[in-house]
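Given the coordinates of chain E, assemble chain B onto it according to the supplied hints.
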Amino acid sequence: MDLDPLLLSRLQFVWVIAWHILLPAFTVGLASYIAFLEGLYFFTGKPVYQRISFFWIRIFAISFGMGVVSGIVMPFQFGTNWSRFTDAAADVISPLLAYEGLTAFFLEATFLGVLLFGRKRVPPGMHFFAAIMVAAGTLFSSFWILATNSWMQTPTGHVVVDGRFLPQSWTAIIFSPSFPYRLVHTVSGFYVTTAFVVAGVAAFLLLRRRTVDDARTMLSMAMWFLTIMVPVQIVAGDLHGLNTLEYQPAKLAAIEARWDTASRVPLTLFAIPDERAETNRYTIDVPVLGSLILTHEVNGTIRGLKEWPREDRPPVAIPFFAFRAMVGLGLLMLALVIWSWWLRWSGWIYESPTFLRACEIMAPSGFLAVLAGWTTTEVGRQPWTVYGLMRTADSVTPSLTGTDVLLSFLGYMAVYLVIFPTGLAFMGRIVRAGPAQPDVQEETIESGRSSRPVTALPGSEEL
Amino acid sequence: MTEMLDFVPLWTGILGLGVFFYVMLDGFDLGVGILYAFAPDRPSRILVMNSIAPVWDGNETWLILGGVGLLAAFPLAFAIIIPAVYFPILLMLMALIFRGVAFEFHYRHARHMTFWDYGFCGGSALATFAQGMVLGAFIQGFEVDGRHFTGSSFDFLSPFSIFTGLALICGYALLGAGWLILKTEGDLQAWARSMGRRFFIAVLIAVAIVSIWTPIMDADIARRWFSWPNIAYLSPVPVITAVLAFLEWRALTNPRSEAMPFVLAIALFTMSYIGIAISLWPMIVPHKYTLWEAASSPSTQAFLLVGTLFLLPIILVYVAWSYWVFRGKVRADVGYH
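So the protein sequences, as listed, match chains E and B.
Numbering-wise, the working numbering puts 320 at position 168 of the first sequence, and it's gapless, one number per residue.
Numbering-wise, the working numbering puts 426 at position 105 of the second sequence, and it's gapless, one number per residue.
These aren't lab readings, by the way, just hints derived from the structure by calculation.
Hints are supplied without guarantee of correctness; some may be wrong.
Derived CB-CB ranges, DEER-like [to be verified]:
1) A529/B - R584/E: 49 to 59 Å
2) R544/B - L155/E: 39 to 49 Å
3) T555/E - E464/B: 17 to 27 Å
The C-beta atom is built at its ideal place from N, Cα and C for all residues, glycine as well.
If we strip away everything but chain E, and leave its shape as in the complex, we get (with noise of 0.2 Å):
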């Protein structure tokens, strides 16, 4: 059997991971957005705030649900699959994920309970205090889980004693140079994510007339929220890539498709990298913008790959297409963003059609870049798990064949490709609802026109 089990626990892995990374991306931004109108709900009155926050805890539960059975999915990979990592690693980044769990899981868990079954059952601050600690929670959990990722992509505070690393300082374990840039680039992506999938709702709500001053509410706010967050997500971007630049030259010269070492270098908009031939095809190259966007000087040097032997240098193709993926997708939200406010300055921002429908296809735009952002920078950090000192190749599962893994791939295959689809059907049910309104007669007069009946709509009547 040539089954290979190091390649096909890789491809198994992306899977996982890939899937589940969706839901955070989602999930982080939209327990704030909640603990945020629950706030507003709490501290104004306004209905309004309740009716959308109720709405958007429906497909919170249902994401969050997913995301935590995918969740569980995760650290057990590590014993599964990558045995000789955990056996090499787990003295450094096993006491972070323990308190990934300590610190987040069971706040989130707990108090989720509280905020979709309890409403009834606590006091409304003890209800809106449930949600800080549900949003709470999640941004917890990024932190431990991202302080884990940024020590196997810029490890320090260990030392490395019969190839196992055991720790030394646990501040720089935990603060390893990268991690302050993934953390606030990620979060804030995620931030940016959940903000374009309301602001897509919205508009989705406000081309059909349904539910309008709701509606109109999102779209504002998440406009709002979003150009103050779009450009926060660029420059953070750019000061990772410094980061990135200093401690993985190898993976940055494989973003740009660099292959020799050199100052004053363009930027590569396209081309077709070629990894046998150290070179790239049908390049179209901006001259110097690449120095000065890298290293924000006219004559900066970008280290090239062929400082590196084959065997130490990422794949190219991945992270330098991904990367570019990422951006673009970065300045189309940029040019929304834009878009939206000269509109809402000529006072068009509810009403223009082609602007409403924009915002409908960019809604998932987030999720794309997210998962962009992460190729580039797991692809990037290849042939290493621990960057630079334990190899991927070295870290699986000894005792595996490549059958097991094949049985185990198409398993999880089946049943993310199962649930997957069917959790987002359900979500764009409730979402074709739109947020349940209390008195259709009050909310028509309001609005200034006919609105069907929302317990009319299809599949209200099972909620």
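Chain B in isolation, oriented as in the chain E frame:
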């Protein structure tokens, strides 16, 4: 300074407690999932599921704590045991996924109602069966060379592990029945009581068979229990178990006893748990590595201990509070839907 302290006993205690909380808490809600298959009608199925809807997620979190706690405190054991039970773990995770999303999917999707109903009880039963097989395979021990498992991914499969898998289904179903007796009333409670009695008898038979099978299979375990003077020290274990079993039967047959079937089911689990611990102590990879040999570095254990001793009591307080919020008999209208 930390190098001179031995954190292993403390970590053994914390991990033991974590695993025990998992078995008790997710045990009852997986058990409720198993019993769901037998619920008489649609309204009672809704009540059965509502009885655990607000808490299942928190209960399952103890599985992560157990897994990651083992990884953090005894990483060598994690790196050997988890590959050895590759397929039971896979089965458990897939079953838990199906069962977990069923809570959300089941209410809303009228057409696929039956599918997710089956997903819920089938997932609960399979996850339990897989955990029971992990336990069976663990007691049997693994083929180890150096720091790695060297057997095949199918070594876990044996008559013993299949039996422990089935036994755990009965055990969790008993816990689930105890929970439902506590949380329901009227006909549904009477039904839970009768399910409880059936699974209780199955559990008794299973415990008896495992108690005979294990020492026959493993000479070390036989020596542990039957050599002098151990047999004298350890005799209270079977005696207390027998007394608890007698009380549990009385509680299950007494219509006015609402909390005791659950409490005594937990007590019976505790005794089985202690029994397994006595059989295996001080090994964490049976026949191969002790707790001390598999332990992570003192710095790792110390760093995590500080936070755990601070956070675990807080967690226990707010988990207990959330159970308090949802106290009393379950009603059909508690949902947020």
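Hints that the structure is at odds with (numbers, increasing): Checked against the structure, no hint fails, so every one of them is satisfied.
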